[in-house]
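Asker: Chain order of the listed sequences is A and B. Per the working numbering, residue 1 is the first one in the first sequence, and the count goes up by one each step. Per the working numbering, residue 415 is the first one in the second sequence, and the count goes up by one each step.
What the hints contain is simulated information worked out from the structure, not anything from laboratory work. We put the CB at the ideal spot given by N, CA and C, even for glycine. Heads up, a few of these hints could be off.
What the hints assert, rightly or not - Calculated pairs, DSSO-like style, for lysine-lysine (alpha carbon to alpha carbon, straight line, at most 30 Å):
(1) A:K44 with B:K577
(2) A:K71 with B:K579
(3) A:K65 with B:K551
(4) A:K160 with A:K38
(5) A:K3 with A:K158
(6) A:K142 with B:K578
(7) A:K38 with B:K423
(8) B:K577 with A:K78
(9) B:K437 with A:K3
(10) A:K100 with A:K3
(11) A:K331 with A:K272
(12) A:K44 with A:K9
(13) A:K8 with A:K240
(14) A:K146 with B:K449
(15) A:K78 with A:K49
(16) B:K423 with A:K175
(17) A:K146 with B:K538
(18) A:K272 with A:K142
(19) B:K551 with A:K38
(20) B:K437 with A:K71
(21) B:K465 with A:K146
(22) A:K311 with A:K412
What the hints assert, rightly or not - What follows is a list of derived Cβ distance ranges for each label pair:
(23) B:V544 with A:T238: 52 to 58 Å
(24) A:D254 with B:E531: 51 to 57 Å
(25) A:K154 with B:K551: 37 to 43 Å
(26) B:G547 with A:E35: 22 to 28 Å
(27) A:E35 with B:D528: 46 to 52 Å
(28) B:D443 with A:P60: 20 to 26 Å
(29) B:D443 with A:R89: 55 to 61 Å
(30) B:G547 with A:W144: 33 to 39 Å
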Amino acid sequence: MAKSSGKKKVQPGDIVDATVDMVMVHDLTGPLAIEAFKRIGISKVWDNKKIAIILDHQVPAESVKAAELHKMLRFFAKEQGTRFYDVGRGGICHQVMPEKGHVVPGTVMVGADSHTCTYGAFGAFATGIGSTEAAAVFATGKIWLKVPETIRIKVHGKFKRFVTPKDLILSLIGKVRADGATYKAVEFAGSTIRGMSMAGRMTLCNMTVEMGAKNGIVEPDESTLKFLEGRVKKPFETLKSDVGTAYERVMEFDVSGLEPTVACPASVDNVKLASELSNVTVEQAFIGSCTNGRIEDLRLAAEVMKGKKVKDGVRTLVIPASQEVYRQAVKEGLVEIFTDAGALVCGSACGPCLGGHIGLLAAGETCVSTSNRNFIGRMGSTQASVYLASPVTVAASALTGRITDPREVEAKVT
Amino acid sequence: MRISAPVLKFGDNVDTDVILPGKYLVLVDPKDLAKHAMEGLDPDFPEKAKKGVIIVGGKNFGCGSSREQAPLALKFSGVKSVVAESFARIFFRNAINIGLPVIEFKGISKAVEDRDELVVDFDKGEICDVSNGRMFKVAKLPTFLLEILSDGGLIENLRRRMKKK
């Protein structure tokens with residue numbers, strides 16, 4: 001943050017005028033941003049190469065209203081020459097941004113979506129903003145930011161079979177609570193994080209906003225550089241955690257005792273073990289979203305579902321997070337496994353996660369989902385329930401028709 | 415800036431999905447958004463708010479999505495201000511950026527009752543509950559945020575500052 005505001009040093013609580021390296025809007029926040037930009041009264045954006053517009057929420061357009069919004073975004077992107085990812089060209093914004101090389105370590109990134117904090121997995125400072133503020137960034141390239149205090153979470157130990165980073169972050173949110181990190185940065189460190197895939201780190205950072213955090217962050221390492229190779233074309237700097245930093249709090253967590261974990265309705269910190277919820281029947285299972293729609297997630301789900309059938313009465317939706325993930329899933333035969341099992345594989349988009357488009361729930365229905373929020377009405381009816389879990393737990397639950405510890409399904413087979 | 419209106423109270427962790435459900439995000443006219451304000455918690459909210467209210471919220475008010483449609487729906491349904499124990503940070507910024515005055519005050523949810531007449535003075539940093547006669551000092555917003563609010567929002571503020579230059 002010091003680097004972005006031309007200062008040598010900053011302290012928590014300082015308010016800085018930061019220069020933004022990249023700003024992103026999507027089809028539900030972009031239209032308001034463009035309206036606001038027009039009201040400013042200037043004709044050109046500050047830097048069209050630093051603005052990305054991604055269609056992912058109501059994709060493909062589910063109504064004439066959505067189609068009109070998409071048309072407006074397409075026009076603006078062309079007129080201004082911004083980066084633009086249309087239907088079929090990208091996928092979920094938080095997957096597309098790193099895949100297409102727009103996420104760069106050591107930079108300041110803002111996005112008109114609360115899960116922009118995902119990019120912290122690559123060592124960027126990334127946080128969510130609203131549409132009006134995105135418009136101001138379009139115009140000026142600047143944003144005011146308060147330097148946050150940092151909570152450091154040191155993670156050790158080896159995950160048990162079928163226990164994943166999603167179980168870790170749900171468990172952590174259960175401890176920190178939904179507002180426990182409000183206004184703060186959350187840094188993940190420790191041997192477990194060093195050994196974790198970028199997909200896992202993205203899942204962790206993605207959900208830091210569910211504990212109120214401003215951003216999540218992981219110090220870049222070899223895995224980060226390997227992912228970015230061939231994607232980020234310009235030189236960049238990987239910043240290290242400051243030596244001697246005064247953390248607001250340091251938490252230690254050992255994952256070796258962690259069990260498959262589920263967030264129950266209707267808040268993300270309402271956490272229980274999957275094994276405690278085996279009486280909860282489900283009508284829908286959803287594997288996808290910016291939290292868990294990556295190839296690593298689909299591989300895990302396919303491992304559980306291979307050669308099996310989803311339970312009658314459970315509609316199972318699988319949504320690869322991007323076109324790149326989709327192509328890879330086809331190549332690896334995962335799409336075949338899912339379709340053979342009776343799951344519906346949909347085009348890369350946000351899907352039912354936010355209840356705006358496909359896969360909505362009726363009153364009284366329950367969905368077990370790999371997404372990130374289970375608030376009242378999130379996925380359709382205000383009388384529906386959403387349980388959040390890992391891709392393995394959701395896949396196992398799709399097979400049994402109730403919330404299931406994935407090891408239970410595996411035990412039956414062997 | 416001084417705002418007075420009766421109180422409508424809400425609890426902790428009021429999220430943006432209950433303030434404005436995702437299925438309405440394709441609506442563009444704020445007046446249409448306002449019809450669905452707080453639909454997840456109280457479908458009668460727009461009727462209750464239309465004459466002007468101050469929302470008193472608990473901890474983490476506005477958590478969840480970055481949708482600016484949430485504070486917009488509140489503003490256009492008749493909400494004049496939100497006072498909460500604490501805010502989720504994106505909601506807090508969004509509210510100020512669209513010109514909806516919000517302020518944090520720890521203890522507010524215990525100090526006031528539903529339908530009390532509240533006066534919030536943003537310049538002085540004071541909250542007065544006219545119904546029970548209690549007065550509270552609150553930490554004022556930084557000057558640059560008060561200026562955004564008095565200009566009517568971030569865009570208006572930016573226009574004024576750009577003109578000056």
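Asker: Evaluate each hint against the coordinates.
Answerer: Hint by hint, here is what the structure shows:
1. Distance restraint check for K44 (chain A) and K577 (chain B): the Cα-Cα separation of roughly 16 Å lies within the 30 Å cut-off, and the hinted pair is therefore satisfied.
2. For the hint pairing K71 (chain A) with K579 (chain B), the CA-to-CA distance comes to about 34 Å; that exceeds 30 Å, so the pair is violated.
3. Note on K65 (chain A) and K551 (chain B): the hinted pairing is violated, with a Cα-Cα distance of about 46 Å set against a maximum of 30 Å.
4. Restraint check for K160 (chain A) and K38 (chain A): not satisfied, since their Cα atoms lie roughly 53 Å apart, outside the 30 Å limit.
5. Distance restraint check for K3 (chain A) and K158 (chain A): the Cα-Cα separation of roughly 36 Å exceeds the 30 Å cut-off, and the hinted pair is therefore not satisfied.
6. With a C-alpha separation of about 18 Å, the suggested pairing of K142 (chain A) with K578 (chain B) holds against the 30 Å cut-off.
7. For the hint linking K38 (chain A) to K423 (chain B), the alpha-carbon distance of about 36 Å lies beyond 30 Å, and the restraint is violated.
8. A distance of roughly 28 Å separates the Cα atoms of K577 (chain B) and K78 (chain A); the hinted pair therefore holds under the 30 Å criterion.
9. The suggested pairing of K437 (chain B) with K3 (chain A) is violated, with an alpha-carbon distance near 40 Å, which exceeds 30 Å.
10. With a CA separation close to 24 Å, the supplied pair K100 (chain A) and K3 (chain A) stays within the 30 Å bound.
11. Of the supplied pair hints, the one linking K331 (chain A) and K272 (chain A) is violated, its CA atoms being roughly 36 Å apart against a limit of 30 Å.
12. The suggested pairing of K44 (chain A) with K9 (chain A) is violated, with an alpha-carbon distance near 33 Å, which exceeds 30 Å.
13. At roughly 15 Å between alpha-carbon atoms, K8 (chain A) and K240 (chain A) fall within 30 Å of each other, so this suggested pair holds.
14. Restraint check: the Cα-Cα separation between K146 (chain A) and K449 (chain B) comes to about 34 Å, which exceeds 30 Å; the hinted pair is violated.
15. The suggested pairing of K78 (chain A) with K49 (chain A) holds, with an alpha-carbon distance near 12 Å, which does not exceed 30 Å.
16. Only pairs whose Cα atoms come within 30 Å are accepted, and K423 (chain B) paired with K175 (chain A) is accepted, the gap being roughly 27 Å.
17. With a C-alpha separation of about 23 Å, the suggested pairing of K146 (chain A) with K538 (chain B) holds against the 30 Å cut-off.
18. With a CA separation close to 42 Å, the supplied pair K272 (chain A) and K142 (chain A) exceeds the 30 Å bound.
19. Between K551 (chain B) and K38 (chain A) the CA atoms are separated by roughly 39 Å; this puts the pair beyond 30 Å, and the hint is violated.
20. As the CA atoms of K437 (chain B) and K71 (chain A) are separated by approximately 19 Å, the hinted pair is consistent with the 30 Å bound.
21. Between K465 (chain B) and K146 (chain A) the alpha-carbon distance is near 35 Å, which puts this suggested pair outside the 30 Å criterion.
22. The suggested pairing of K311 (chain A) with K412 (chain A) holds, with an alpha-carbon distance near 15 Å, which does not exceed 30 Å.
23. The beta-carbon spacing between V544 (chain B) and T238 (chain A), approximately 57 Å, falls within the hinted interval of 52 to 58 Å.
24. The beta-carbon spacing between D254 (chain A) and E531 (chain B), approximately 53 Å, falls within the hinted interval of 51 to 57 Å.
25. A C-beta distance of roughly 40 Å is found between K154 (chain A) and K551 (chain B), which places it inside the suggested range of 37 to 43 Å.
26. With their beta carbons about 44 Å apart, G547 (chain B) and E35 (chain A) fall outside the hinted range of 22 to 28 Å.
27. Restraint check, E35 (chain A) to D528 (chain B): a C-beta distance of roughly 35 Å breaks the suggested window 46 to 52 Å.
28. Between D443 (chain B) and P60 (chain A) the Cβ separation comes to about 24 Å, which falls inside the hinted range of 20 to 26 Å.
29. In this structure the hint that D443 (chain B) and R89 (chain A) lie 55 to 61 Å apart at CB is violated, the actual value being about 30 Å.
30. A beta carbon spacing of about 38 Å between G547 (chain B) and W144 (chain A) agrees with the range 33 to 39 Å that was offered as a hint.
Going down the numbered hints, you'll see the structure goes against 2, 3, 4, 5, 7, 9, 11, 12, 14, 18, 19, 21, 26, 27, 29, while the others check out.
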